[in-house]
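Chains as they are written, first to last, in the working numbering: chain A, 85 to 197; chain B, -2 to 108.
Any given hint might turn out to be false.
So, partial list: chain A residues that the calculated Cβ filter (under 10 angstroms) puts toward chain B [said to hold, decoys possible]: (1) Gln90; (2) Pro92; (3) Thr104; (4) Ser106; (5) Tyr119; (6) Leu127; (7) Leu129; (8) Tyr132; (9) Ala176; (10) Ser178; (11) Asn184; (12) Ile186; (13) Tyr187; (14) Gly189; (15) Gly191; (16) Thr195.
Simulated from the structure, these hints should not be mistaken for laboratory data. In this text, a Cβ means the ideal position worked out from N, Cα and C, and glycines have one as well.
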Amino acid sequence: DGGITQSPKYLFRKEGQNVTLSCEQNLNHDAMYWYRQDPGQGLRLIYYSQIVNDFQKGDIAEGYSVSREKKESFPLTVTSAQKNPTAFYLCASSTQESGNTIYFGEGSWLTVV
Amino acid sequence: SQQGEEDPQALSIQEGENATMNCSYKTSINNLQWYRQNSGRGLVHLILIRSNEREKHSGRLRVTLDTSKKSSSLLITASRAADTASYFCATGPGANSKLTFGKGITLSVRP
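Only chain A is shown next, with the shape it has when bound in the complex (with noise of 0.2 angstroms):
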């Protein structure tokens, strides 16, 4: 089926600690996002890429890296530097044939412990 896949879908981190969370694609999107999500704060834009090689920051990057070697990958790396990184994290891509809609991944949640 085609669609975004993100993993882990839980995942624990120790203070300090660097993790990545992956996202893949298999839409053959060229754009793809990442979208942190607290309670009651909607949607905020970390990084997006709107091609292969190329990224840019989004409204709340610091802390947070990204890379794009693929086109069908996005890992998302959340850094020591993250002071409060406990959140819900979303994945999503879009194309210009789909407009501007965007598809999303199911999440994956980090918590700080």
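Got chain A; can you put chain B on it based on the hints?
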């Protein structure tokens, strides 16, 4: 920065009733979209309305857009318990450009 703001923040209705949710935005847009999110899941696209459209239907969903008032409404008719979810509006400047999401409306449909 979040452009879309939904209203009300929470809505509780009886099964069979209609649910109306509103979204306001501040700057000009190319299109406005509504998404649905079940608890702990990803968002699912419901409907897109372009800036030159005033109304659009999809099944039990009806979306209106008033660009002069910078507002949109989502109507779900004959609601079902399965419609219980959070609903988000998102505004877009153009293809493959980032969308800006609101904080969402929590809809509860009582059986």
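Hints broken by the structure, by number, lowest first? Of the numbered hints, 2, 3, 4, 16 do not hold.
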